Amino acid sequence: MSGSWLTTRAWLLMLPLLMIIILVIGWPLVDTVALSFTDAKLLGEGSRFVGIDNYTKILSSSSFQKTLATTAWFAIISVAVEMVVGILAALLLNTQFHGRAFVRALMILPWALPTIVNATLWRLIYNPEYGALNAALTQLSLISGYRSWLGEPATAMTALIIADCWKNFPLVALIALAALQSVPRDVIAASLVDGASAWKRFRIVILPYIAGPLMVALVLRTIEAFKVFDIIWIMTRGGPANSTRTLSIMVYQEAFSFQRAGTGASLALLVTLIIAVLSLGYAALLRKSAGGKA
Amino acid sequence: MERRSLTHSIVIYVAAIVLSLVILAPIFWLFVMSISPAANLTAKPLRWWPQSIDFSRYAALLSTVENSAGAAFTSSLRNSVVVSGLATAFAILLALPAGWAVSRTPSIGWSLGAVVGVYMLPPVALAVPLYLALSYLGLLNNVFGLALVYLTILAPFTTWLMKSGFDGIPREIEAAAMMDGAGLFATLRIVTLPLALPVMGVSALFAFLMAWDEFFYALLFTADQHAKTLTVAVADLAGGRISDYGLIAAAGVIAAMPPVILGLFMQRALISGLTNGSVKG
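Note that the protein sequences, when read in sequence, are chains A and B. Numbered by our numbering, the letters in the first sequence go through residues 1 to 294 in order. Numbered by our numbering, the letters in the second sequence go through residues 1 to 281 in order.
Heads up, a few of these hints could be off.
Claimed, not checked - Residues on chain A that point at chain B, a partial pick, calculated with CB under 7 Å:
#: 1; residue: L6
#: 2; residue: D31
#: 3; residue: T32
#: 4; residue: K41
#: 5; residue: E45
#: 6; residue: P114
#: 7; residue: L133
#: 8; residue: A135
#: 9; residue: I234
#: 10; residue: S248
#: 11; residue: V271
#: 12; residue: I274
#: 13; residue: L278
Unchecked claim - Label pairs and their calculated CB-CB ranges:
#: 14; chain 1: A; residue 1: K57; chain 2: B; residue 2: L93; range: 24 to 34 Å
#: 15; chain 1: A; residue 1: W11; chain 2: B; residue 2: E66; range: 29 to 39 Å
#: 16; chain 1: A; residue 1: L88; chain 2: B; residue 2: F265; range: 40 to 50 Å
#: 17; chain 1: A; residue 1: E45; chain 2: B; residue 2: V22; range: 53 to 63 Å
#: 18; chain 1: B; residue 1: S5; chain 2: A; residue 2: D194; range: 10 to 20 Å
#: 19; chain 1: B; residue 1: A71; chain 2: A; residue 2: G151; range: 45 to 55 Å
#: 20; chain 1: B; residue 1: P50; chain 2: A; residue 2: P128; range: 35 to 45 Å
#: 21; chain 1: A; residue 1: E152; chain 2: B; residue 2: R78; range: 36 to 46 Å
#: 22; chain 1: A; residue 1: F102; chain 2: B; residue 2: R78; range: 28 to 38 Å
#: 23; chain 1: B; residue 1: E66; chain 2: A; residue 2: V277; range: 12 to 22 Å
#: 24; chain 1: B; residue 1: S107; chain 2: A; residue 2: G151; range: 49 to 59 Å
Hints in this document: simulated from the structure, not taken from any laboratory. Quick caveat, the model's predicted, so the values are computed rather than measured. Idealized CB from N, CA, C, for every residue including glycine.
Just chain A, same shape as in the assembly:
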């Protein structure tokens, strides 16, 4: 069989997938680009071509800049905490102790819990009048009166980040644990003989083995965190006073609450652009870390 026939056959087998992808992703994306240069409303006829007006308006608006900063804050803090706690949990689960299999099995629970259920659960825990957090802190005399954790700009974002970290650090831990199990035992034994300190052993001996998979976890989690919508929609809807409004929430409000499809589309494409830049930057980093190890 000739090479060109093999390639043709491969494309034919790809065809159903490609057609569906073009139908549900390619075409909508092109249409979003077209919409972004108009003042189209979500419902109702008639839209005008407005050039790059939407983009210049968005980029110069202070609410966009604030939302971008809020999103970056959410992504950076939650991903950083998830990585550190996840790695620590993986190191713990990689040592031997009685009941290890049980604790490992527990790690799958927050990951499996649907995001909406997680958000609902934490919303109940943070409830200002009857929530478990207020009850526990009051009964321990750590706070004097009940507080509205999600209702005050000062605490809402932190409360959200804790809920997000609880759900997502186990994923990092599971990935890190699988990587740790690939570190050869004799390498660790040799470093023990050398008398290296625990931190030095981690940084010089173990980290090179697990850096690649951790980078993948970091990339996936950062992109997910920049796209965040569900947990915030359930817990705060972006409030109070827009203090937890992220980019995806802003697009939703613009396009669907205010029905401004045109500016909503421009905003969505700016979000896409930011995520694309992040992905490409990470891809470059990944290639570098992979080259450094192998």
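Since chain A is already given, all that's left is putting chain B on it; use the hints.
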């Protein structure tokens, strides 16, 4: 196993207990709320353990009496099963030929890169045209429409998993069968497909869980009992003016049950799927 000092052991056990409590406490509390009498949940100081155990909310949510709160909830449960099942089946049907083709024909490997690239797109970038298109086709508030939209998330992911699964099946086995005179499709059916069943199972499992978890598109594209999924139903309860927090908790427990049970029983398969791409590269 290396020997440890006593203090080292104590540190490890304390850390393990703290980790277990951090994970279990919120989940356990969700369950306790769902079976506590409503009065216990609004008591001050809060009652951490129910005075009497009350399963009535589960009965109320799962009742199918017309026009009851249960009818709306059970229909959303059914919609979630149908949409997730349909979308998973479509995604696997697309991923099987595509994953095999990419695995066996490296020269078109870049196309998979492009497909996985679009997986990174935020749903908000596609939402407006998809909304207008579904509306035009009369597929808004329709389980088929929603399942079709879910392919934006599921199809790239399952194709990528299937491709790495086929990579693990030696071509020589296929070549040997062809040598014996079997055609391509007979070879794939008799030789390759049975070997690919485990990875197909893992892909389907992931696809189902992703569809079950999806909220954004379901929120936008469904309106009532015809298509509303479980995630939207739970969000409605959580955001509504319900004074019984136990009912919200019970709805959450029911929504979490299928993925949590699948997660616990299929743990090995899920972890291998989660880590396959990231560890082996």
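Outcome of the hint check:
1. L6: Result: holds, 6 Å to nearest chain B Cβ.
2. D31: 4 Å, holds
3. T32: 6 Å, holds
4. K41: 11 Å, violated
5. E45: 12 Å, violated
6. P114: 5 Å, holds
7. L133: For L133 (chain A), the interface hint is violated, since the closest Cβ of chain B sits about 10 Å away, which is over 7 Å.
8. A135: 4 Å, holds
9. I234: Where the cut-off is 7 Å and the nearest Cβ of chain B is about 6 Å from I234 (chain A), the hint holds.
10. S248: This hint holds: S248 (chain A) lies near chain B, its Cβ roughly 5 Å from the closest one there, short of 7 Å.
11. V271: 5 Å, holds
12. I274: 9 Å, violated
13. L278: 9 Å, violated
14. A:K57 - B:L93: 24 to 34 Å: 44 Å, violated
15. A:W11 - B:E66: 29 to 39 Å: 52 Å, violated
16. A:L88 - B:F265: 40 to 50 Å: 28 Å, violated
17. A:E45 - B:V22: 53 to 63 Å: Between E45 (chain A) and V22 (chain B), where Cβ atoms are some 54 Å apart, the hint holds.
18. B:S5 - A:D194: 10 to 20 Å: 19 Å, holds
19. B:A71 - A:G151: 45 to 55 Å: For G151 (chain A) against A71 (chain B), whose Cβ atoms are near 33 Å apart, the range 45 to 55 Å is violated.
20. B:P50 - A:P128: 35 to 45 Å: Since P50 (chain B) and P128 (chain A) have Cβ atoms about 22 Å apart, the given range 35 to 45 Å is violated.
21. A:E152 - B:R78: 36 to 46 Å: Hint holds: Cβ distance 40 Å, inside 36 to 46 Å.
22. A:F102 - B:R78: 28 to 38 Å: 35 Å, holds
23. B:E66 - A:V277: 12 to 22 Å: 53 Å, violated
24. B:S107 - A:G151: 49 to 59 Å: 58 Å, holds
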